[in-house]
Amino acid sequence: MSPTTSVLAYPEVLRQAYRTGVLKLEGECGIYSADVLVDGKVCDCDIVVDCKVGDPIALEVKLTNWSKHSVGPFALTVIPYQDYQNGVHNYELHDAITFVGSNTFHIDSVKPTKNAVCFGALLFLYTGDFYLNIKFHEDISSRELPLSWFCLPSVHIRATEPVIQTKL
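Quick note on numbering: the sequence shown equals residues 1 to 168 in this note's numbering.
Any given hint could turn out to be false.
[Said to hold, decoys possible] Computed cross-link-like contacts, SDA-like style, restricted to lysine to any residue with a CA-CA straight-line distance of at most 20 Å:
| # | residue 1 | residue 2 |
| --- | --- | --- |
| 1 | Lys41 | Gly72 |
| 2 | Lys62 | Ala121 |
| 3 | Lys135 | Phe119 |
| 4 | Lys62 | Thr127 |
| 5 | Lys52 | Lys135 |
[Said to hold, decoys possible] Per label pair, the in silico range of CB-to-CB distance:
| # | residue 1 | residue 2 | range |
| --- | --- | --- | --- |
| 6 | Val53 | Lys135 | 38 to 44 Å |
| 7 | Leu168 | Glu92 | 20 to 26 Å |
| 8 | Val163 | Tyr84 | 23 to 29 Å |
| 9 | Gln165 | Gln85 | 41 to 47 Å |
| 10 | Lys111 | Glu161 | 43 to 49 Å |
| 11 | Lys111 | Asp83 | 21 to 27 Å |
| 12 | Tyr131 | Lys111 | 28 to 34 Å |
Bear in mind the hints are in silico, worked out from the structure with no lab data behind them. Predicted model, so just to flag it, every value in this text is computed and none were measured. For every residue, glycine included, the Cβ atom is placed at its ideal position computed from N, Cα and C.
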């Protein structure tokens with residue numbers, strides 16, 4: 001079993017461990033951590049991040065390998081959605097959110113005590129409450145849907161109208 005597979009086998013542990021912006025998991029092959037920053041601020045899964053419609057918002061995800069073995073290859077994918085609070089999620093947001101660049105990042109490997117950082121940006125075109133699913137999954141190009149992956153808890157972003165300043 002590869003180090004990546006051992007980490008990917010525990011999605012429920014990952015979700016429970018991620019409480020203050022830093023996710024740590026001790027698996028068969030070591031310890032890994034993931035930091036999520038939105039607009040340069042560490043995300044806490046209980047806090048809403050505010051942004052303005054029309055302003056790009058920076059997204060940074062850093063995976064640190066604290067094990068004794070290299071991990072990889074794998075990919076990180078960011079999937080935006082809206083939660084209608086009744087169990088229905090809307091993933092068809094092509095007209096509401098756009099990525100500056102790609103929403104998928106390929107990571108060849110992460111050596112022991114090193115990290116891989118994925119930088120991206122989002123642009124919200126309409127107001128509303130949006131969420132980001134951030135998934136790590138095996139980077140197997142021959143399959144459309146990976147067999148094993150894990151999700152960090154969703155990042156909650158509220159896009160509001162920009163403040164228009166007038167000169168007096």
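Cross-check of the supplied hints:
{"no.": "1", "hint": "Lys41 with Gly72", "in the structure": "violated, 27 Å"}
{"no.": "2", "hint": "Lys62 with Ala121", "in the structure": "holds, 14 Å"}
{"no.": "3", "hint": "Lys135 with Phe119", "in the structure": "holds, 14 Å"}
{"no.": "4", "hint": "Lys62 with Thr127", "in the structure": "violated, 28 Å"}
{"no.": "5", "hint": "Lys52 with Lys135", "in the structure": "violated, 25 Å"}
{"no.": "6", "hint": "Val53 with Lys135: 38 to 44 Å", "in the structure": "violated, 26 Å"}
{"no.": "7", "hint": "Leu168 with Glu92: 20 to 26 Å", "in the structure": "violated, 43 Å"}
{"no.": "8", "hint": "Val163 with Tyr84: 23 to 29 Å", "in the structure": "holds, 28 Å"}
{"no.": "9", "hint": "Gln165 with Gln85: 41 to 47 Å", "in the structure": "violated, 34 Å"}
{"no.": "10", "hint": "Lys111 with Glu161: 43 to 49 Å", "in the structure": "holds, 45 Å"}
{"no.": "11", "hint": "Lys111 with Asp83: 21 to 27 Å", "in the structure": "violated, 37 Å"}
{"no.": "12", "hint": "Tyr131 with Lys111: 28 to 34 Å", "in the structure": "holds, 32 Å"}
Hints 1, 4, 5, 6, 7, 9, 11, counting from the list given before, are not met by this structure.
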